[in-house]
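Hey, can you work out the whole structure from these sequences and the hints?
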Amino acid sequence: MTRVDVDSVFKALADPTRRRLLDSLRANSGQTLGELCRNLDMTRQAVSQHLGRLGDANLVATIRRGREKLHYLNPVPIHEIYERWIAKYQRRHLVALHALKRKVEGGKRGKA
Amino acid sequence: MEKPEFVYVTYIASTPEKIWHALIDPETTTKYWQQVNLSDWKPGSKWEHRSGDEKRILRLVGEVIEAKPPRRLVISWAFPADEGDEAKHTRVTFDIEPYRDVVRLTVTHDRLEPDSDMLKGITKGWPMVLSSLKSLLESGKALPKLW
Numbered sequence: 086m087t088r089v090d091v092d093s094v095f096k097a098l099a100d101p102t103r104r105r106l107l108d109s110l111r112a113n114s115g116q117t118l119g120e121l122c123r124n125l126d127m128t129r130q131a132v133s134q135h136l137g138r139l140g141d142a143n144l145v146a147t148i149r150r151g152r153e154k155l156h157y158l159n160p161v162p163i164h165e166i167y168e169r170w171i172a173k174y175q176r177r178h179l180v181a182l183h184a185l186k187r188k189v190e191g192g193k194r195g196k197a
Numbered sequence: 552m553e554k555p556e557f558v559y560v561t562y563i564a565s566t567p568e569k570i571w572h573a574l575i576d577p578e579t580t581t582k583y584w585q586q587v588n589l590s591d592w593k594p595g596s597k598w599e600h601r602s603g604d605e606k607r608i609l610r611l612v613g614e615v616i617e618a619k620p621p622r623r624l625v626i627s628w629a630f631p632a633d634e635g636d637e638a639k640h641t642r643v644t645f646d647i648e649p650y651r652d653v654v655r656l657t658v659t660h661d662r663l664e665p666d667s668d669m670l671k672g673i674t675k676g677w678p679m680v681l682s683s684l685k686s687l688l689e690s691g692k693a694l695p696k697l698w
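Going down the list, the protein sequences come from chains A and B.
Heads up, the first sequence is in my numbering, so the first residue is 86 and it goes up one at a time.
Heads up, the second sequence is in my numbering, so the first residue is 552 and it goes up one at a time.
What the hints contain is simulated information worked out from the structure, not anything from laboratory work.
Hints may contain errors.
Said to hold, decoys possible - No more than 25 Å apart at the CA atoms, straight line, and that leaves these computed lysine to any residue pairs for SDA-like: (1) A:K173 to B:K606; (2) A:K173 to B:K692; (3) B:K675 to A:S109; (4) B:K569 to B:R601; (5) B:K671 to A:Y167; (6) B:K569 to A:R111; (7) B:K675 to A:G151; (8) A:K154 to B:F645; (9) A:K173 to B:K696; (10) B:K597 to A:G151; (11) B:K569 to A:S109; (12) B:K692 to A:I163; (13) B:K675 to A:G140; (14) B:K692 to A:I171; (15) A:K173 to B:G676; (16) B:K671 to A:G151; (17) A:K154 to B:T674; (18) B:K692 to B:T579; (19) B:K569 to A:R169; (20) A:K173 to B:S627; (21) B:K582 to A:Y167; (22) A:K154 to B:P665; (23) A:K173 to B:G672; (24) B:K675 to A:R111; (25) B:K671 to A:S114; (26) B:K671 to A:A172; (27) B:K692 to B:K639; (28) B:K619 to A:G151; (29) B:K597 to B:S667; (30) B:K671 to A:G115; (31) B:K582 to A:S114; (32) B:K692 to A:Q175; (33) B:K639 to B:S627; (34) B:K582 to A:W170; (35) B:K639 to A:G115; (36) B:K675 to A:I148; (37) B:K671 to A:L107; (38) B:K582 to A:R169; (39) B:K675 to A:I166.
What follows is the structure, given as structure tokens:
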């Protein structure tokens with residue numbers, strides 16, 4: 086992923102309405118613009134604009150089915166972010182967290 | 552309601568020919584997928600998905616539905632135990648299209664049963680496989696082992 090791509094992914098995700106759109110597509114994949122408007126109670130213009138931003142970030146993929154354009158959540162860019170910043174460090178992270186947990190819990194047992 | 556369907560898109564700085572080769576060449580798929588896809592890739596032929604190690608454990612089976620190298624490959628996709636049960640055969644489509652100066656690879660997986668093991672497996676699997684493929688083709692390095 087190039088730097089520009091990462092920027093567009095984070096910018097697209099920074100908006101709560103766009104995250105709601107992604108949630109809606111996660112729950113029901115392959116929705117049309119009309120269905121998304123109904124499910125989110127938003128105007129066509131607003132949804133269409135947000136979908137554009139999500140599409141530029143490759144977070145939403147579209148497929149043409151006859152006259153309809155269907156929208157899908159595309160998790161690949163988020164997976165690339167995971168691979169870049171999380172996967173590689175996960176092991177070290179977990180070891181550090183475990184050590185911290187042992188230290189703070191000391192003699193006091195309780196909430197994990 | 553239709554059966555769940557998933558669409559995965561990744562943009563890869565490569566050529567359609569290289570991406571096609573990377574989907575079917577056992578040596579390449581072992582690097583980024585740790586599995587191999589074996590077939591003669593002719594429509595109507597069978598294909599097998601096996602582990603990339605020397606054990607070559609059979610993981611998936613299916614048929615080549617459509618093959619238009621290097622642009623489009625459509626295959627059925629099922630667990631070996633479900634080979635005789637067509638209702639449990641899912642379908643995978645690879646579309647490889649030049650897009651500006653890169654290539655857009657779209658994987659569509661449909662005919663999935665809701666809540667099936669196949670559905671759970673592929674929703675976890677495809678993002679990993681595609682990220683790793685992209686990494687291999689762009690940097691020469693696949694991501695760390697997936698499974």
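For each hint, the structure was consulted:
Taking the CA atoms of K173 of chain A and K606 of chain B, the gap is near 28 Å; set against the 25 Å cutoff, the hint is violated. Among the hinted pairs, K173 of chain A with K692 of chain B is consistent with the structure: their alpha-carbon atoms are about 14 Å apart, no more than 25 Å. In summary, the hint linking K675 of chain B to S109 of chain A is supported, as the alpha carbons are separated by about 19 Å, within the 25 Å threshold. Restraint check: the Cα-Cα separation between K569 of chain B and R601 of chain B comes to about 21 Å, which is no more than 25 Å; the hinted pair holds.
Annotation: proposed proximity of K671 of chain B to Y167 of chain A holds, straight-line Cα distance about 19 Å (limit 25 Å). With a C-alpha separation of about 31 Å, the suggested pair K569 of chain B and R111 of chain A falls outside the 25 Å cut-off, and the hint is violated. As the CA atoms of K675 of chain B and G151 of chain A are separated by approximately 29 Å, the hinted pair breaks the 25 Å bound. Restraint check: the Cα-Cα separation between K154 of chain A and F645 of chain B comes to about 19 Å, which is no more than 25 Å; the hinted pair holds.
Restraint check: the Cα-Cα separation between K173 of chain A and K696 of chain B comes to about 11 Å, which is no more than 25 Å; the hinted pair holds. Under the criterion of a C-alpha separation no larger than 25 Å, the hint pairing K597 of chain B with G151 of chain A is inconsistent with the structure, at around 30 Å. Between K569 of chain B and S109 of chain A, the direct Cα distance comes to roughly 35 Å. Violation of the 25 Å bound is thereby established for this hinted pair. For the hint linking K692 of chain B to I163 of chain A, the alpha-carbon distance of about 19 Å falls within 25 Å, and the restraint holds.
The hinted pair formed by K675 of chain B and G140 of chain A meets the criterion: a straight-line CA distance of about 21 Å does not exceed 25 Å. A distance of roughly 18 Å separates the Cα atoms of K692 of chain B and I171 of chain A; the hinted pair therefore holds under the 25 Å criterion. Among the hinted pairs, K173 of chain A with G676 of chain B is consistent with the structure: their alpha-carbon atoms are about 18 Å apart, no more than 25 Å. Under the criterion of a C-alpha separation no larger than 25 Å, the hint pairing K671 of chain B with G151 of chain A is inconsistent with the structure, at around 29 Å.
Under the criterion of a C-alpha separation no larger than 25 Å, the hint pairing K154 of chain A with T674 of chain B is consistent with the structure, at around 22 Å. With a CA separation close to 11 Å, the supplied pair K692 of chain B and T579 of chain B stays within the 25 Å bound. The straight-line distance between the Cα atoms of K569 of chain B and R169 of chain A is roughly 24 Å, inside the 25 Å bound, and the hint therefore holds. Annotation: proposed proximity of K173 of chain A to S627 of chain B is violated, straight-line Cα distance about 34 Å (limit 25 Å).
A threshold of 25 Å between alpha carbons decides the hint, and for K582 of chain B with Y167 of chain A the separation of about 20 Å falls inside it, so the pair holds. Taking the CA atoms of K154 of chain A and P665 of chain B, the gap is about 23 Å. The hint holds against a cut of 25 Å. The suggested pairing of K173 of chain A with G672 of chain B holds, with an alpha-carbon distance near 22 Å, which does not exceed 25 Å. Using a Cα cut-off of 25 Å, the hinted pair K675 of chain B and R111 of chain A holds, with the two alpha carbons roughly 14 Å apart.
A threshold of 25 Å between alpha carbons decides the hint, and for K671 of chain B with S114 of chain A the separation of about 15 Å falls inside it, so the pair holds. Distance check on the hinted pair: K671 of chain B and A172 of chain A sit about 20 Å apart at the alpha-carbon level, within 25 Å; holds. Of the pairs offered as hints, the one joining K692 of chain B and K639 of chain B is violated, with about 35 Å between alpha carbons and a cut-off of 25 Å exceeded. Restraint check for K619 of chain B and G151 of chain A: satisfied, since their Cα atoms lie roughly 22 Å apart, inside the 25 Å limit.
Only pairs whose Cα atoms come within 25 Å are accepted, and K597 of chain B paired with S667 of chain B is accepted, the gap being roughly 23 Å. Of the supplied pair hints, the one linking K671 of chain B and G115 of chain A holds, its CA atoms being roughly 18 Å apart against a limit of 25 Å. Note on K582 of chain B and S114 of chain A: the hinted pairing is violated, with a Cα-Cα distance of about 31 Å set against a maximum of 25 Å. At most 25 Å may separate the alpha-carbon atoms for a hinted pair to count; K692 of chain B and Q175 of chain A meet this at roughly 20 Å.
Taking the CA atoms of K639 of chain B and S627 of chain B, the gap is about 10 Å. The hint holds against a cut of 25 Å. Only pairs whose Cα atoms come within 25 Å are accepted, and K582 of chain B paired with W170 of chain A is accepted, the gap being roughly 22 Å. Restraint check for K639 of chain B and G115 of chain A: the C-alpha separation of about 21 Å stays at or below 25 Å, so the hint holds. Restraint check: the Cα-Cα separation between K675 of chain B and I148 of chain A comes to about 21 Å, which is no more than 25 Å; the hinted pair holds.
In summary, the hint linking K671 of chain B to L107 of chain A is supported, as the alpha carbons are separated by about 19 Å, within the 25 Å threshold. Of the supplied pair hints, the one linking K582 of chain B and R169 of chain A holds, its CA atoms being roughly 18 Å apart against a limit of 25 Å. With a CA separation close to 15 Å, the supplied pair K675 of chain B and I166 of chain A stays within the 25 Å bound.
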